[in-house]
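Q: Listed in order, the protein sequences are those of chains B and F.
This note's numbering numbers the first residue of the first sequence as 26 and each following residue consecutively.
This note's numbering numbers the first residue of the second sequence as 26 and each following residue consecutively.
By construction, these hints were calculated from the structure, which means they are not laboratory data.
Small disclaimer: the values here were computed from a predicted structure and weren't measured.
Heads up, a few of these hints could be off.
Because identical chains share one entry, a pair is satisfied inside a single copy or across any pair of copies.
Here are the simulated lysine-lysine pairs, BS3-like style, with alpha carbons at most 27 Å apart [what the hints assert, rightly or not]:
hint : residue 1 : residue 2
1    : K314      : K378
2    : K148      : K59
3    : K378      : K59
4    : K88       : K268
5    : K59       : K100
6    : K314      : K375
7    : K88       : K375
8    : K314      : K377
9    : K59       : K375
10   : K373      : K314
11   : K59       : K377
2 protein chains.
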Amino acid sequence: MVYAVIMAGGIGTRFWPMSTPERPKQLLRLFRDKPMIELTINRISPLVAWEKIRIVTIPEQVKLMTEAVPRLSGKHFIVEPFARNTAPCIGLAAVELMQEDPDAIMVVLPADHLITEEQEFIKSVQRGISMVQETDAIVTLGIKPNRPETGYGYIQYERDEVQPGLHRVVTFAEKPNLETARRFIATQEFLWNSGIFIWSARRILSEIEEYIPELYAALEDVQTALEQGGDIIRIKRAYQSIKPISIDYGVMENARNVYVAHGDFGWSDVGNWEEAYRMNEHDSSGNVKYGPVIGIDTENSFLYSEDDRPLAVVGLSNVIAVDTAEGTLICPRDRVQEVRQVAEEVFKLKNKKKR
Amino acid sequence: MVYAVIMAGGIGTRFWPMSTPERPKQLLRLFRDKPMIELTINRISPLVAWEKIRIVTIPEQVKLMTEAVPRLSGKHFIVEPFARNTAPCIGLAAVELMQEDPDAIMVVLPADHLITEEQEFIKSVQRGISMVQETDAIVTLGIKPNRPETGYGYIQYERDEVQPGLHRVVTFAEKPNLETARRFIATQEFLWNSGIFIWSARRILSEIEEYIPELYAALEDVQTALEQGGDIIRIKRAYQSIKPISIDYGVMENARNVYVAHGDFGWSDVGNWEEAYRMNEHDSSGNVKYGPVIGIDTENSFLYSEDDRPLAVVGLSNVIAVDTAEGTLICPRDRVQEVRQVAEEVFKLKNKKKR
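Could you build all of it, start to finish, from the sequences and the hints given here?
A: Below, the structure written as structure tokens:
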């Protein structure tokens, strides 16, 4: 059976003052007034039965997510004792799904990305699933780049298709500088690495066994604990020794016979406020407005007020202005990289106050 | 005896989101974390006994002011049934003070102005009081202008002093355009009209009798009601017929033998956010900061957060950023004239919500 494995462990400080530990990025209502996690679930639902949806997250977030998406229940969650980056998260999901279905196929999805062309997305995933069903391949989704983005990883692929829309991967490239990114685009041999993967649980565990043996050993301990009734303390102990490592670095860059499903479906990792601005619908002044906001001579801006308190922006354009119960941010759109620094300063302010 | 008559009836929308009907401008803590009204009381206290301080205001504001300045008690207030601009306010105060002391001298002060050089201010007021005591003159305080301000009225005066620092007034000029303001400054014969006056209660009432007879008639009705025990309904009825009119337009522009005490004491009417910025102390980056505010690469700005919620401004300079329970404003310093428009839009938003 095909399962969706939605990775939802992140907290994220790049969306201050909207994101907080109590409201991580995957719960933000940045688009269509729905939490990102709900959009992710809805997006994959045409291909995966409701009871085959799994969300991997940490204990603190289970309650937050069931509050945000009330139709989720306990059986939808795979709970990691601690967040340890993507490889342990995917390994744990694979071990748990193997218990249910030794032939489980996993569509692995980040909880906090956006896709605007959902039909195209479904087609790409469908191609990946068929490939995995036929050849037990490792498949990743690659996005046709429309600009020399330096914030994403890239995938180089072989020109010849192995199946319609599917190519063999040549190499994975880390986030490039601008010059390199431009070169990548010019060759037309590179795609953005979306972080969306399709494989069988058995195959990814065998890759982890080969390339991250210490993780595999820990997962075997977890598996034993699960088989003996899921003793939470034993699972926690097994997990404690696991080192954080990403699936890209730990497996994808090493594995053989990796394929990429070529997609062009309006994907963004929504990594900062500028992306949230860009991926939303704009009014005739180029503004994205939410809540009681007043813009006077203000264009191409993101204006967001969460509560009843009006937010007024006069005579400033190309800015992010966000007002929530947590605080208020005003920042030019081309400086959103500095929001992380703001979140750190806020953290310091709060600690100072506590002392 | 010398009384201070502090006029405190205004509401003001130019300080949104700080000023509201529940928190009019005279209660704002724009300087030294004290309400403007308290700074005004403190400023005149060296010259006026505590029990001779009077605040003229409307019923709704008496409670707000005693909350803001708890040492005020009922006897400090002269309550106008309705605000009707400065002439009725001053006339009512004169009538009430005449009951207490037929020779009362009034120092009339707006509640919501700022003066930074209080020693100099006291000297000017002292000169005015002496002049009134000696000659029963009408005295106004004029400020030496340091720029061709178009937001203030001007007073033209005769070059020769009648006493040290005191000149006869030639004429009162309304707010000029920039060209006229420049000409005024060049002549060195013009002062800013501060709206601060000194006169005896008897004299100002006789001026009102001459130049605003219909107001004088209404004030006589009020006086009769006061003499008969202060029946509030009769006072209200007498006041209802009074038309709003300013003391400048109604009396000062007509009266003979008006003198101006020449002052240079860091005065501002604090008419908008730019004035609040300019009259405050600035840090080494030229910022005025209050509350949990974070400025990253932000200069020459007014950053104010009223509650615990941090306000972060990144990479914007010369802005007003104010965050209160009422709302949030971001506005370049040279566009603060548009804040009134913002307050009107907020009012519309609120009404829309109520329907």
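Q: Each hint: holds or not?
A: Against the structure, the hints:
no. : hint        : result
1   : K314 x K378 : between (33 Å within a copy, 17 Å between copies)
2   : K148 x K59  : within (23 Å within a copy, 65 Å between copies)
3   : K378 x K59  : between (34 Å within a copy, 23 Å between copies)
4   : K88 x K268  : within (26 Å within a copy, 63 Å between copies)
5   : K59 x K100  : within (22 Å within a copy, 58 Å between copies)
6   : K314 x K375 : between (29 Å within a copy, 17 Å between copies)
7   : K88 x K375  : within (25 Å within a copy, 34 Å between copies)
8   : K314 x K377 : between (34 Å within a copy, 17 Å between copies)
9   : K59 x K375  : between (29 Å within a copy, 25 Å between copies)
10  : K373 x K314 : between (30 Å within a copy, 17 Å between copies)
11  : K59 x K377  : between (35 Å within a copy, 25 Å between copies)
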